[in-house]
Amino acid sequence: MSGNGPSTCCSRRNFLTGLGTLLLLPLFAGCSRRSPLRVAAHLWPGYEPLFLAQREGWLSRADVVFLETASATMSLEELKEGRADAACLTLDEMLRGRGYGIPLTAVTVFDVSAGADAVLAGPGIGELKDLAGRRVAVEEGALGAYVLAMLLQQSGLRREQLRVISCPGDTHRDAWQRHEFDAVITYEPTATLLENAGMHRIFDSRRLPGAIVDVLAVRSNLLHSQAAAIKHLLVGYFRAQSHLKHNPQDAAYRMAGHLKLPAEELLASFKGLELPGLQANRLYLSGKEPLLAASARSMMKVMLAAGLLKVVDPLQQLASSAFLPSEEVWP
Amino acid sequence: MIRIRSTAAALLFLVLAGIAEASAAPANELTLGVLAIREKSGLQQPWQPLADLLTEKLPGYAVRLTLLDHQEMITALQRHELDFVLTNPSQYIFFRERFGFAGLLASVITVAGDQRLRSFGGVIFTRADRTDIKSLADISGKKIACVNSRTSAFGGYQMQLLELRHAGLQPPPRELLLDTGTPHDRVIQAVLDRRAEVGFVRTGIIEQMAREGKVDPKRLKVLNRQELIGYPYLCSTRLYPEWAFIALPHVDDRLAAKVAAILLGMEHGLPRMRAAGIYGFTPPADYEPVERLLRELRQPPYDVVPSFTLADIWTRFPWWLAGIGAAALVILLLALQLLFTNRRLRGAKEELAGRLEELTRSEDALRRLNRELRAISDCNQVLVRAQDEQTLLDEVCRIICAEAGYRMAWVGYAEHDESRSVRPVASGGGGNGYLATAAITWGESGRGLGPTGTAIRTGESVCVQDFISDPRVGPWREDALQRGFRASVSLPLKGEEQQVFGVLVIYSPEPNSFNPEEVRLLEELAGDLAFGITTLRLRTSRRQADADLQASEERFRKLSESSPIGIYETDAAGRALYLNDKWCEMAGLPREEALGTGWAKALHPEDRERVLTEWGGCVERRSAFASEFRFVTPGGELRYILSHGVPVRSAQGEVVGYVGANEDITELRRSEEALRSSERRLSLAFSATADAIWEWNVRTGETYYSPRWYQMLGYDPGELPMKFDTWKSLCQPDDLDVAVEKLAATLATPDGTGYHAEFRMRHKSGAWLWIMGRGNVVERDENGQPLTVSGTNTDITERKNLEAQLHQSQKMESIGRLAGGVAHDFNNMLTVIAGSAEIAKLKVSPTDPVWENLDQITKAAERSSQITRQLLAFSRKQAIAPKRTDINSLIKDSEKNLGRLIGEDVKLTFKPGHDLWPVLIDPSQVDQVLMNLSVNARDAMPNGGSLTIETGNVAINEGYSQQHLDARPGEYVQLIVSDTGCGMDRETREHIFEPFFTTKATGHGTGLGLATVYGAVTQNGGFINCYSEIGRGTVFRIYFPRLVDEAAPREEVPQPAPVSGTGTILLVEDEEALLQMAAQMLEQIGYTVIQAQSPQVAITLVQQEERPIDLVLTDVVMPAMNGKEMVDRIRELRPGIRVLFMSGYTSDILAQRGISEEGAQFIQKPLGMQQLSEKVKAMLTA
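Order-wise, the sequence lines are chains A and V. FYI, the numbering for the first sequence is 1 to 331, going by UniProt numbering. FYI, the numbering for the second sequence is 1 to 1182, going by UniProt numbering.
Pulled out of the complex, with its shape left as it was, chain V reads as follows (with noise of 0.2 Å):
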């Protein structure tokens, strides 16, 4: 067939196109056929330049222009009125595969603006006021504006369906689309116009009519848009080549040629070409995108399914449809044999049937008899069972409707209350709600004649067998004939004496369904319901006796089990009957065990005997029992037990046993013994403290006194009477009045408490001891007054002791920074006073009688300066120069100055420790500290004496410190001075330290020696202790702090070096060491020294030397000769003689001694060898 179509289209072809051949030619005329997508009239012009253009380039040829909506164009070319067409790429598409097509000769440029453009595309649009149209989804339902959604509308519409479909939406159905026809302008104007929502254009419209003014693109919102970056307008789809220039197949190919070479040579932006918006042509683009959006919408040409003949399919699939066939008749044959079976079946049946209906209709009488029987059976297997009335009730009423067929059955229960009502307790079936509003009473009048009324009354069934007509039922007809009530029976139900207590009525769907058979049976049902209520409610009252009794016994026994006292019962020989779990804990005994005689067996064997004595005595005199014993328990545990038991005696007064009770005393018994303790161990702590305590009765004075109080005080316990007074009485007359007004203030406050007082206490000796009281009310009466009052007294002699040193610490201290600052100031004054009189001196002769005050001044302040360089040693202010220092041997070096500073009165002895350990100290401190000691050892021993020095390791420990405050524990060195002097009183003692504080006559001391001792002392870490007492002597234990450090300096540091010299030095000494080592310092620094150990041989060297001798340096003090009279002697021998002395004393005690000349050279011993070589040189070089 489509064969034969196909080859008649092509011949019909051949002979319209030789017809169209025959008609175009003669004329020369040749018709270009446009697409008109707007108005005809105004297209005309525009495109009438391309038509002249054609005619001519074509010589011979007129071109004519037509414009042509879509059907006019189909109509044209299926009449061959067209030789060349002009039109939208779909169409072209179109008619290629209508018209068959030969030529597409070239591609249309179009130009915006200035903007040459090959492609379209499509626009969909709403107004910019439908907000609630913002995609593509929103379109659906709306009504949409295009130019024609029939005809091939390439820009506006089908492009845009494209869309929606690729957007997963389905095309607008017909009913949603409105065709306004060309141009396009008029969807634009029905969107505006609100006849449409959605309008579909080509591109370019919108914006061609805003450049005409004739529409505001602002009111337009364009949708999906594309981002097409360079493209003048606004879009909505994908964009698909420009409009198709199209031969005619029967257009010559030569002039189709010419015409293209026209087309493609004609030159761009031809100003006639603008107007119809062409730019020019290019060759022909690919259509292929068009095509395939075409086919994908099934837009025309593709929108026709191919058809197919029975004789195609045939062809194409011979063997499956035979074997379909063959199958088919299969299934038919099988079906037509499945009817004829089924009809045979289906006359059996209905004879089966007949037969059926008839054994249906004489088994229904007996069925429904069955059916009741069985109703009554299984009630009466629910009237065995059953254990609550309710619960038989609801079961009857139940299987009455379930099993017997009626539709309701209900009991009720006549009430004794005013209006006799029936109270309906339960129902079965159907009949909902009923008796909620049947109202039936059992009175004799109204409600109470109807049937179940009747039926209490008489005691008899009354059978109503229609509801329609019986008239007893009036009130209930219409309720019971709507729930399909027809008859009923009410059976009335009789207790144990026939009385009549309530009521069985069963409804039936049917009338007449109750004949005497069944009511009998009936009857009996409710008979039997009526014994089985009955018999339930029997049951139930003597359940709840039975149970009464139990929970009588129950809290009984519970009673006795949770009892926490041991309860017994015994027979009247005492045999235990009853023990209660409480007995048996107390006891640890099993009940079994300890029942009869068995309880004796927990009692303490010690008494055992005296308890069954008692208890047998008991039984025998039928009298109560009250014992006191113990248990022992089986794991060994101790029960005081206190038992009580009385005699029970029977109606005859007869005694039948007793009852008793066990009460378990252990915790009574610990308590006291833990009492007991606690009085032994507070009397125990009493005696143990260090607090005296006591116990005043406020009322009677008597007071208790603890045995510490005694011996704080020096007496034994009890020695002195315990009474207030006794305290009055030691006490410190001047402390007493404080510390009874304080207890007096304490007794006033509402609490009592906070009693403190110290005050001193004479102890048996006659010293004075300081007590710190304290104490609290401990009890008051009933008014409030204080009945006791209680409290300690402590010994506090020690601290006061402490505080003591504490406050003369720290007088010292302050005095210290008074005089120390006072001395600097006082001796830089000194300085301009001293050195202002040398000046003035200076100025006036010697012989002025000014001089001689000046030189007062001058030795006054010399005096005066000594007095403040003394002040600032005691103010630990001198200047120092520790450094490692062996106490020893400075001792032994000051020995012999000392002896001779004491006189020969007294006698030193000096005990030096052994292996003593260094100090850090300036040496030349410890000389003075020994010199002041010494002096004022001195003067205390006016008479002689003995002056003692000892040296010794000593370790200080806390408790010391604690008790001295100066003293911190460490290892020190002790240095002991001891006099046999006349001794100090305490007063002098507290004192002794003070600077100017002095016990000499006026003129005598200072009063600064002790305070340097004390300053040089702190001021190297140590500290120093006075004990004295008067005429026993003094002893001062003075302590340095052991040097550990032993990379500490031994020596000063660094000093500058001798001055070195040359000569011959002749040096005399009587101490072999200093000899020695002054001859070395003297060699070292470059002299030659000749050694002379005493005054003799230094004379009898000087007559034997025959070298010249620079210098004599010579100690003053020596035996048998001092340093003058050997000096003397020499220079008789070697006049002018140059001469330095040395000594350990000043050279003003020299020149008192009278062993100094006038104008001598004099050097302090100890030598220092800078010292020395200076002054050597000095000499020397003088």
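Bound conformation, chain A alone (with noise of 0.2 Å):
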């Protein structure tokens, strides 16, 4: 009896859910003829739960789909060109994307930067201050020219004391192995890999707590037209979350090819990570003054100074959090 039970309530339920299913298929009819929403993303361990989403079918392509990229530059090209409507940025990079006048709105943070972003050196280097002199591989951009302005506030050296060199991040650990720079300004899941070569860690985004973040920012005049797709793509991120953060050894184990990480450094990856959750989102998105906004005031100053924002960005429509899931998404 027990047993009999719960079955006959589960296939009433079931039965119930697709009646109600029945019920709503005009609506997703309509919803299907609409065209999917295109988010533009580069390989970030905290952008890999949206596309586990997808492998393991959380995500319905006729609702989302990836164009994926090598740079948070050239996804914020393909939002430029129109190609886009939604794409994984870095907070900066949304800042710059503002500038350029593309209207666009934080729907979630993936993930605050603990350390994910790094500065790393080579034998002989030991502190900041040891960096006088040398040669300093940056990427050009807003996130390697903050790290950089943070990196010389706490050190107390002035730039013209460091060889500052350009060098875009996916050729890091090449360049490293041609001995190219001393230290470098980089980021997961490269900082992992240049550690294992041989760099260690003299600065990260440890001592810049909170400020780093990387956003899903979507056209901010698709917020509408798009609703029903963001939502649909959130439920399936934060299930994704979920697991990651639930059951991180399954969850390596399928995210190991597509970030091509052993499993185990995977999770180390992560580690300089922290992933809001559902909760710690809306903090980031929700109220008057959400955190996310103190924290694009900060980068938007360095970004001035370092002429990487010509004006200045009022925020207005920067955050919204009316796509979160209403409640926990469970895997």
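FYI, nobody ran anything at the bench for these hints, they're computed from the structure. Please read these numbers as outputs of a predicted model, since none were measured by experiment. In this text, a Cβ means the ideal position worked out from N, Cα and C, and glycines have one as well. One thing to keep in mind: the hints can contain errors.
As the list claims (entries may be wrong) - Derived contacts from chain V toward chain A, CB cut-off under 10 Å, selection only: (1) Q115; (2) G230; (3) Y240; (4) P241; (5) E242; (6) E288; (7) R292; (8) F629.
Dock the two chains into a complex; use the hints.
This is the structure in structure tokens:
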């Protein structure tokens, strides 16, 4: 009897769900005619739950398609050219995008860097002050500039004291092997790879709490028309995030292929990242003065100073928590 | 209740915990229970090192290892025999819920090769050769092996179950599960042994057995394989955290902490731990996914639904329950009331039913009679309404069954065939197929003795009251009873004369159904039916007769109406009684108007009186009528009518009227008219055509010649006899034979076509005309011999002339090419001859006799060279420099020279045309032309005459150019040179332009003069015609194309600058214009010029002039004194003075005339600036 009870209950529930689905079918049919939300993203552990969700079938390709790019800059380019409706970006890239006149609103915070952005140095460099006169490789862009600015601030060094080399993020590993720099401002998973290759950490984003965040930035003008797709995307994302948090081992093996990292190291690369859950996301995105706005303001200062942003962004419509799932999502 | 139970459990736990503490403490022995998933015997050794390690690290404690399967583990836990447990995650959750474990100390890290693993999963597999099992869906209904489906086999059952659930599949039913028990190896063996089709094991088992050589992994196939990059094992499920190391609640916290510290602090990868597959320990993993799995699958410990008591429900939903209770009570009360009411109703109903039955019985008999009456009534209705026999019979049979309630009714007709069969023609009601096999007859034996046959034979109704007992129905009994027939009545159907022609048979389902009353009624019905049939048959035959009559009338009407002839019928007085549609259409009158005497209105007014008279006469004479007349329709259309009528006589021979037919012969009349007009047109065409037409009767020789034929030959029509011989007599005898031959050949061809001949015929004037004759055989006799040949004769004289011209032109062209080629090569050779002779002359003294010979050669070569130059001119190969030229002024310039050329006996007249157009030509060629023509004219007029040169503008039209092949339409400047000489015959005329053709005596003329003219004219795009008649002189007409393009060069291309010089020149020239021109030229070059218009003036000027005179430039031929005489006089005054003569004559001519001196310097007129400057300069600097 105890076995029958639940199964009857379940089948009836299934039936009712099915019935509900049937009743909603016309609505879905209407939805399916709309073009899917095109999301540009590059390889970054913080975004990986999105891809995990897609691989596990938690995201419908009719609602969301991903355009995989090589870097945040390229993702921004996709947005600019109108080939993408949304992009996974660091906050500074999002501000740059807004600076170009693309109306962007953050609908979720994927991760907060807590060590994932780091300054790694080769042998002979023990602390920040030792960088004086050394070759420091930085990826062009706000994030590099921001970390560099923070590094200078905290080390008391002046920029002229460093030999700053511009070097794209995806070439850091090879460039180190060719001894092209003495220290590098980089991020995961490259940071872990470089550590494995003999570099060590002298500064990282743990010393800049809450400053470096990754967000899903959606074109503000599409928020209304693509509301259903965005919500669907976020449900899938939080489901995958929950899976990663509760069953990291399983998730790690399932993400290893895409991130091109062994499962064990992959989990290590997440150590430098906080993945804000649903509640934390609400804090970041909602309210009159969301947390994200504070981070943006701080980032904006550095960007203005570095000439990466020409005008002050009033930060209107910077963030929206309206698309977050209303309750916890389980894997 | 729940609260009470939990309290009790808590108390029990405390008590048991106390006992456990008491039992474990004194021995200082700790027991570590490990879940055995493989053979226990084989596990003791691998796991012992863990117990040993703990013993080592825990001073004062001895750790004992015990290996337990799931059930043993539960028992041991219940008995509190264990202090620590190492078990799989689901068991951990199970024990945690069931026994309230306090401490999860660590999670295991396993090792695969050199890879550390913190998680494991489940594998779903089948044999590799099972091609029918490819996915999870294929597992349904298959036998599944697992270690234990009833206990917490996490990696060996539960994980797989969740995957099935996520794939939308039901958990496998108990009977399809094969529990092999631990170790997992047994599951793999079961699948390989085919005891099961699918197996569930935890990850790593297959690989381990493969390493141990116990299984060939190729024989297995993993389903739902997961893509886990870097995970070393095949896996079909999600991964879950590895086993948990747990401290039981009774274990002291400090001890638990120590054990945790030992485990976590244990060096990773200790070799002695390897055998157990342990690499090390890690802080406790998150087992929430495991818990969620168990909850979702409702696996232990989440397999029990919490129990509720009524009190719980009451406490939870008191108001709801009160409401439901009250509603139930109300429903119950209402139901009771309904029950009582129902019972009362049922009683009343039963009473009513009793009364009803009584009534029914008494009404039954009445009803049956009524039904029969109604049936009869309905049948009578049908009898009245029915239109055909079959419907009547079908309806009656149907009504008898439907209304009177009989099982079956049928009607049969008595056939008068050999077997006297009864042919069923209609039936109603049931009895399917009864009649098909009944084979009833009305014969006097066998089946004819049955009730139906008897009824037909006797004419009396026959009743069968019960089919079971009646002996007469023996052959049909079984069939009838099967179909539910119990009684029947056979009723004869009688015709007008009481003869029986059929039978109506009715069957009842009940025996003894037909009482006498009913039979009487049914006999009445049969009588009515027979009457109805007879009546219908009568009606049908009458209708048929009517229809035949109508059809006949219709046929006549259609015949009459569709007739292409107008048909009429009149009475004896001739008044129209009937007119068909065609008649009315012909007359254009509506029938009602035409009937009576109205038909006469249609007659043409011109014919009316005549026709009425004729018709009246016929009527009076009672004779036939025939006439042709015209109808005029109201629309004005005219119709020619041929009418015939004959009298119609009564039986007594009296004429009662006329019938007749009018035939419309309008088309015929029109055709005749068209034929006549066609003949007229043909005749007109004959007279209008340019071709003459003839038609020859081959047999009689009579030949028709059209008026044009006569006209063509200059005769009046009919002036010559219309005979074949007429043609023959006019035909040129040379051509006649060929023409007759061709005609004969045409007659001989099968189709008689294609006669074509060209021949000459003599015009009345005597001239010969070229005629082209064509013709075909147009009629043959019955043997196919030609009777009539018809054809045309065309005057082609003009065409023939053109052909001759073309021939001439082509001849000139080819002679020109030949002459040109010869002249060119010959000229080259002459150069060699002349040159060689000159050189040879230099090598011998002029006194040498050879010198004379050489000189002869030189001269001959010079003359030959002249001839070749003329030939080149003829062949249009001489170098020319055409420029815009005014022919009038050219002729004026040459007039004097020409006058000298032709001598005094011939009078030269020049008639220049006004406003003559310019032409593009080399002026020297015009001179050449004039010169040659003049010479020829002079030679034609040995006794003097006149030579006239005329010019004029002329436009050549298309017509002219068609007659003269050389001429192209356009505007020309015409140059006419005519003489009054002896003239030429045609033969000569045809050859005059040919080189070396001459009529002059040998040695006079080269025969190249006119050829040169021809070449010069044609080279400049012009053409030349010659008209000449013996004794009437000759006219040459030369046409040069008008120069329209004003942009054409007026002068020759720029020439080299004249050679300048200084000095004084005495210029003597009698022509003032020339004097002026030459003076200007010399001044231009830089000389000082003293002009003198005559020799006398020149001599005077020399006498008066003090200035030195460097050169005398003088004309040679001048009036009064020639140039030489003048020079002689001047030299007397100024000896040694240099003199240059200038003349239009060649120096040879001057020499011949004795006006030239030895070694005199000479320059040919007309003067060119360049030539003059060079010559003067050369003389002055010599």
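- Item | List of violated hint numbers, smallest to largest | 8
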